Amino acid sequence: MTVAGASVAAVAGCGTVDWYPSDTTPDEHVLRSLLREKERMLVRYEHALVEGSGPSDLLARVSENHRTHLDALTEALPEDAEPTPPTEEGSPEPVPADEDPDLAEAPSPAALRAMEAAAAGARSDQAAAVTDRGLAQLIGSVGACEAGHAYLLDDA
Amino acid sequence: MSEGSEAAGDAVSALAEALRAENAAVYAYEFVGGSAGDEDRRSHGLALASEHKVTRAELREAMLDREGSPPAVEPTYPLPSGRDGETLDDFAVGVENTCARAALWLTAADDTDLRTTGARLLQEATVRALEWGGELDSLPGFEGG
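Read top to bottom, the protein sequences are chains A and B.
Using our numbering, read the first sequence as starting at 1 and increasing by one per residue.
Using our numbering, read the second sequence as starting at 1001 and increasing by one per residue.
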C-alpha cells in the first residue's frame, strides 16, 4: 500500500503500523530504530558509570555488550544506506542521544533493569518484522543478551 | 523443491533440532535433580526438567502442525562423569547453550510464529545458563557469540 509517497508496513505480531520513508526498506527501518535505541542505552550506561549509580564492573560489561550490538547492527545496514537515517517529511530531526536532556540523569540499576527487560520484550516482534533471516537471528540474539542483562541487574 | 516447500522444510529441520535439544535437556535435568548432593540443585534441576518438558510439548505440537515427524527420544544422552556441584553447574550451562543454539536456528524461520518462539526460547535458555553460573555472551546462540 502506498500513501502520498510513503510506504506503510505492518509490524507483525504487535498490531501497530509503522511509517517509514518510501526509499527505506522495512528491514532498514527496524535496524534504524534499533540503532537509535542502542545509542540511547549506551548514553544511559555512560551516565550511570560516571555517577557510580551501580556496580561499575557490571555496568561496564553490559555497556560493552551494547557497543558490540551497535557495531553488529550497523554492519547489517545495507551497503548503500545513507549514514544518517532519512526523516519523514514534516517530522523534527531526532535529538542526538548524547544531547538529549531526557537522558541527562544517571539511571538506577532498577531503572536499567526495567529498560533491558522492555527492550528484550520488543525483540521477538522486531525479529518477526524483518525479511532477512540472518537479521532476524541477530535481533533475537540481541534480545537474549538484553534478557541476560535484566537478570544480572536484578541482583545489582 | 519450490520456495514454499523449501521454507517449510527449513522450519521442520529447525524444529527437529530444537526438539533434540529439549529431549536432551529433560534427560539432563532429571539426572541433575536425582543426583545432585544438595537440595537447591536437586529442586532447581527438577523444576527445569518440568519447564523443558513444557517446551518440548509445545515444539512437538508445532512440528505436528507442520506435518513433520518429531525426533524420537534417545534411550540415553551424554552425562558428566562427576556429580559435584561445580561439574553439575557446568553441565547445566552446556545444556542451556545447546538449547540456545537450537533456538537461534528457529529465529531464522520464515514462519513468524516459529521466529517469535525461537526468540523467546533463546532468551529463556540464556537466563537459565546465567542461573547456573554461566557467562553472558554479547550474542547468545552464535558460536563464540
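No lab work stands behind these hints: they were computed from the structure.
Just so you know, these numbers come straight off a predicted model, no measurement behind them.
Treat the hints loosely; a few may be bogus.
[Unchecked claim] Computed Cβ-Cβ distance ranges for the label pairs, DEER-style:
hint, chain 1, residue 1, chain 2, residue 2, range
1, A, E82, B, D1110, 25 to 33 Å
2, B, P1075, A, R61, 49 to 57 Å
3, A, E51, B, G1144, 28 to 36 Å
4, A, D155, B, A1057, 25 to 33 Å
Note that beta-carbon positions come from the ideal geometry of N, C-alpha and C, so glycine has one too.
Notebook entry, point to check: Are P1075(B) and R61(A) spaced within 49 to 57 Å by their CB atoms?
Noted result: 41 Å, violated
Check: Honestly, do D155(A) and A1057(B) meet the 25 to 33 Å range at C-beta?
Finding: 31 Å, holds
Margin query: Quick check on a hinted range of 25 to 33 Å for E82(A) and D1110(B), using CB atoms only.
Written below: Holds, at about 29 Å.
Item checked: Satisfaction of the hinted span 28 to 36 Å by the C-beta atoms belonging to E51(A) and G1144(B) -> Since E51(A) and G1144(B) have Cβ atoms about 34 Å apart, the given range 28 to 36 Å holds.
Going down the numbered hints, you'll see the structure goes against just number 2.
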